[in-house]
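Undergrad: The residues making up each chain are set out below.
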Amino acid sequence: MLFKRILFDKIMGAWMVIALGTILLLPFVIGVGLYIKSAPLFQHQDIWHLIGTSEWLPHEGKFGFWPFIASSIYVTLIAFIFAAPVCLLSAVYLTQFSSPRLMRVMHPVIDILAGLPSVIYGVWGILVIVPFVSNILAPAFNTTSSGYSIFAGGIVLAVMCVPYILNMLIEVFNTVPIGLKEASLSLGATFWESVKHVVIKKSYPGIISAFGLGIAKAFGETIAVMMVVGNMVQTKFNPFEGGYPLPALIANNYGEMLSIPLYDSALMFAALLLFVIILIINLVFRYFIYKTGER
Amino acid sequence: MNRRKIIEENIFRFLSGFATYSLIAVLAFIIVIIFVKGFNALSLDMITKTPSGGYYYGGEGGVLNAIVGSLYIAMGATLISIFIGMPAALYLNVHLIRKKRIQNTIRYFLDTLWGIPSIVYGAFGFILMLYLGMNASLIAGIITVALLITPIMVRTFDEVLSTIPKGLHEASLALGSTNAETAFKIMFKQGFSGFITAVLLAFGRGIGDAASVLFTAGYTDLIPINLDEPAATLPLAIFFQLGSPIPEVRERAFAAAAILTIIILIISLAARFISKRYSRTNIK
Numbered sequence: 000m001l002f003k004r005i006l007f008d009k010i011m012g013a014w015m016v017i018a019l020g021t022i023l024l025l026p027f028v029i030g031v032g033l034y035i036k037s038a039p040l041f042q043h044q045d046i047w048h049l050i051g052t053s054e055w056l057p058h059e060g061k062f063g064f065w066p067f068i069a070s071s072i073y074v075t076l077i078a079f080i081f082a083a084p085v086c087l088l089s090a091v092y093l094t095q096f097s098s099p100r101l102m103r104v105m106h107p108v109i110d111i112l113a114g115l116p117s118v119i120y121g122v123w124g125i126l127v128i129v130p131f132v133s134n135i136l137a138p139a140f141n142t143t144s145s146g147y148s149i150f151a152g153g154i155v156l157a158v159m160c161v162p163y164i165l166n167m168l169i170e171v172f173n174t175v176p177i178g179l180k181e182a183s184l185s186l187g188a189t190f191w192e193s194v195k196h197v198v199i200k201k202s203y204p205g206i207i208s209a210f211g212l213g214i215a216k217a218f219g220e221t222i223a224v225m226m227v228v229g230n231m232v233q234t235k236f237n238p239f240e241g242g243y244p245l246p247a248l249i250a251n252n253y254g255e256m257l258s259i260p261l262y263d264s265a266l267m268f269a270a271l272l273l274f275v276i277i278l279i280i281n282l283v284f285r286y287f288i289y290k291t292g293e294r
Numbered sequence: 000m001n002r003r004k005i006i007e008e009n010i011f012r013f014l015s016g017f018a019t020y021s022l023i024a025v026l027a028f029i030i031v032i033i034f035v036k037g038f039n040a041l042s043l044d045m046i047t048k049t050p051s052g053g054y055y056y057g058g059e060g061g062v063l064n065a066i067v068g069s070l071y072i073a074m075g076a077t078l079i080s081i082f083i084g085m086p087a088a089l090y091l092n093v094h095l096i097r098k099k100r101i102q103n104t105i106r107y108f109l110d111t112l113w114g115i116p117s118i119v120y121g122a123f124g125f126i127l128m129l130y131l132g133m134n135a136s137l138i139a140g141i142i143t144v145a146l147l148i149t150p151i152m153v154r155t156f157d158e159v160l161s162t163i164p165k166g167l168h169e170a171s172l173a174l175g176s177t178n179a180e181t182a183f184k185i186m187f188k189q190g191f192s193g194f195i196t197a198v199l200l201a202f203g204r205g206i207g208d209a210a211s212v213l214f215t216a217g218y219t220d221l222i223p224i225n226l227d228e229p230a231a232t233l234p235l236a237i238f239f240q241l242g243s244p245i246p247e248v249r250e251r252a253f254a255a256a257a258i259l260t261i262i263i264l265i266i267s268l269a270a271r272f273i274s275k276r277y278s279r280t281n282i283k
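Protein sequence lines correspond, in order, to chains U and Z.
Residues in the first sequence are numbered from 0 upward in steps of one, following numbering that gives the first Met the number 0.
Residues in the second sequence are numbered from 0 upward in steps of one, following numbering that gives the first Met the number 0.
Hint data in this document are derived by calculation from the structure and do not stem from the laboratory.
Honestly, I wouldn't trust all of these hints.
Across the chosen pairs, the derived CB separations fall in these ranges [as the list claims (entries may be wrong)]:
no., chain 1, residue 1, chain 2, residue 2, range
1, Z, S21, U, T143, 40 to 46 Å
2, U, L76, Z, I46, 26 to 32 Å
3, U, I72, Z, F13, 42 to 48 Å
4, Z, E59, U, T174, 39 to 45 Å
5, Z, L172, U, L76, 35 to 41 Å
6, U, F131, Z, E169, 32 to 38 Å
7, U, P138, Z, T162, 49 to 55 Å
8, Z, L78, U, H196, 48 to 54 Å
9, U, H58, Z, L268, 47 to 53 Å
10, Z, F13, U, F131, 22 to 28 Å
From the three backbone atoms N, C-alpha and C, an ideal C-beta is built for every residue, glycine too.
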């Protein structure tokens, strides 16, 4: 009987260790796999040349990733400008001003927003944001636009990032000791002053991390952005024109990538680039969060 | 001076309240738009028939192939991720309970894995597929989605397991149980509501993700029967049909989007309901 129990324990222990080990090995395997596949590209051009130039002619073997990287950064930036203030204000309201009842309503709202598939956001973007940009916003700025633009991508992305950033901000604000705020209030500060000078100051690293992780999330978003962003290779900085972010590049061209030499390596290099950038952002800001959590 | 303070207070109270309520409004707006547009074209044919000959030119048929394909992929992937994710989360909370530092490092890596976009998993799945000599198929899609959702599953389950009182764990060990018995008979039971939530969350992510199956699952008008056949998925069906120049096909894309939204809403509500139901019997 005892022998059977110990045997069960050993087998289960081994299964658990193998399972955990497999998961933890995953990022390394992904990194190595993508690197091996994109390696043929490095034999022809060096990495900085690939990232820095903007000539994209796969048939002639010219792969300049700059237009795609620039589009990605641009879309992410617009999304961030819209999402960040809304999230910050909303998190302040939910944790400092409102009743706990609103929080109970808000939790499912955040969960559903976070759970909606990205393709649904894309459909919504095509139905609402794209006509809005082409019919109302572009005429207001005295330009014309088809609506399928960097700006539309940015707005859709902003809505997608909100639940993600907001969730983290609420957690960050909840870790601020209530006594600190009460001390500030008892000294005669108003609610907003206590928030501004005590709560936000105290959770500064957490806020920065939440924003950073939100940016990482926006940077890698594929389908929704690809549906509204127009997919045009260009480097002009006009938000009403189309762009072509990195994830869209990978997703759009998988069909023909085996028919042109080096094209598959180029796309895998795009994936590797995405992987490395997002991994680094994640590692840095998560480290921030864990450091503040331990204190 | 005092008046300025009060005005500032009121302005920011209003602004922050406005931001919060506008988020609720945006969610309502999205769902209403999807449903209003989708229900116009939604019919029984959409969910009971596969595309027939002229479907992509506005002919008869539905998206049953995509619904079934999505369910197959999400279910297969969830099964794999339960097989890998559940023991990993238990190990983290039973065997490593006294090693706080290792525990935190592992959580740190898992959170980072959660942040990697699905298109990268898709590209990796594609490499894996080429390496193993497979074609775009149901099984390749399942494996790729499983890789994507396992970190989510582990972290969600782990989050609930980590709130279980230490005393319960210690009591079990004091009675002479082995680590494995503590894990499966005590911790798993106590954290069962969290387990269900984790499974449903992972399932929802699996059914809605398009970027990872784009390379690996392929697309077909037939319902897959074997694991090595390609499979259609609902998000990709929406995406491809939206690209069509024919209005009727685009209308059907909206209907498919409504179907997908309903599935996601059901999963989300079920997760809330079930986790509440099962956490009632827990030892506090």
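Undergrad: Is the distance from the Cβ of F13 (chain Z) to the Cβ of F131 (chain U) consistent with 22 to 28 Å?
TA: 25 Å, holds
Undergrad: Are P138 (chain U) and T162 (chain Z) spaced within 49 to 55 Å by their CB atoms?
TA: Given range 49 to 55 Å: holds, Cβ gap about 54 Å.
Undergrad: Look at the Cβ atoms of L78 (chain Z) and H196 (chain U) and judge whether their distance stays inside 48 to 54 Å.
TA: Check passed, 52 Å falls within 48 to 54 Å.
Undergrad: Is 40 to 46 Å a correct range for the gap between the Cβ atoms of S21 (chain Z) and T143 (chain U)?
TA: 29 Å, violated
Undergrad: Does the hinted range 42 to 48 Å hold for I72 (chain U) and F13 (chain Z) at CB?
TA: 34 Å, violated
Undergrad: Take a look at whether the Cβ-Cβ distance between F131 (chain U) and E169 (chain Z) falls inside 32 to 38 Å.
TA: 59 Å, violated
Undergrad: Can you tell me whether the CB distance of L76 (chain U) to I46 (chain Z) sits inside 26 to 32 Å?
TA: 41 Å, violated
Undergrad: Taking 47 to 53 Å as the hint, is the beta-carbon distance of H58 (chain U) and L268 (chain Z) inside that range?
TA: Roughly 51 Å apart at Cβ, these two residues keep to the hinted range, so it holds.
Undergrad: With respect to the beta-carbon atoms only, verify the hint that E59 (chain Z) and T174 (chain U) lie 39 to 45 Å apart.
TA: About 57 Å separates the Cβ atoms of E59 (chain Z) and T174 (chain U), which means 39 to 45 Å is violated.
Undergrad: For the pair L172 (chain Z) and L76 (chain U), does the Cβ-Cβ distance stay inside 35 to 41 Å?
TA: 52 Å, violated
Checked against the numbered hints above, the structure breaks hints 1, 2, 3, 4, 5 and 6 and satisfies the rest.
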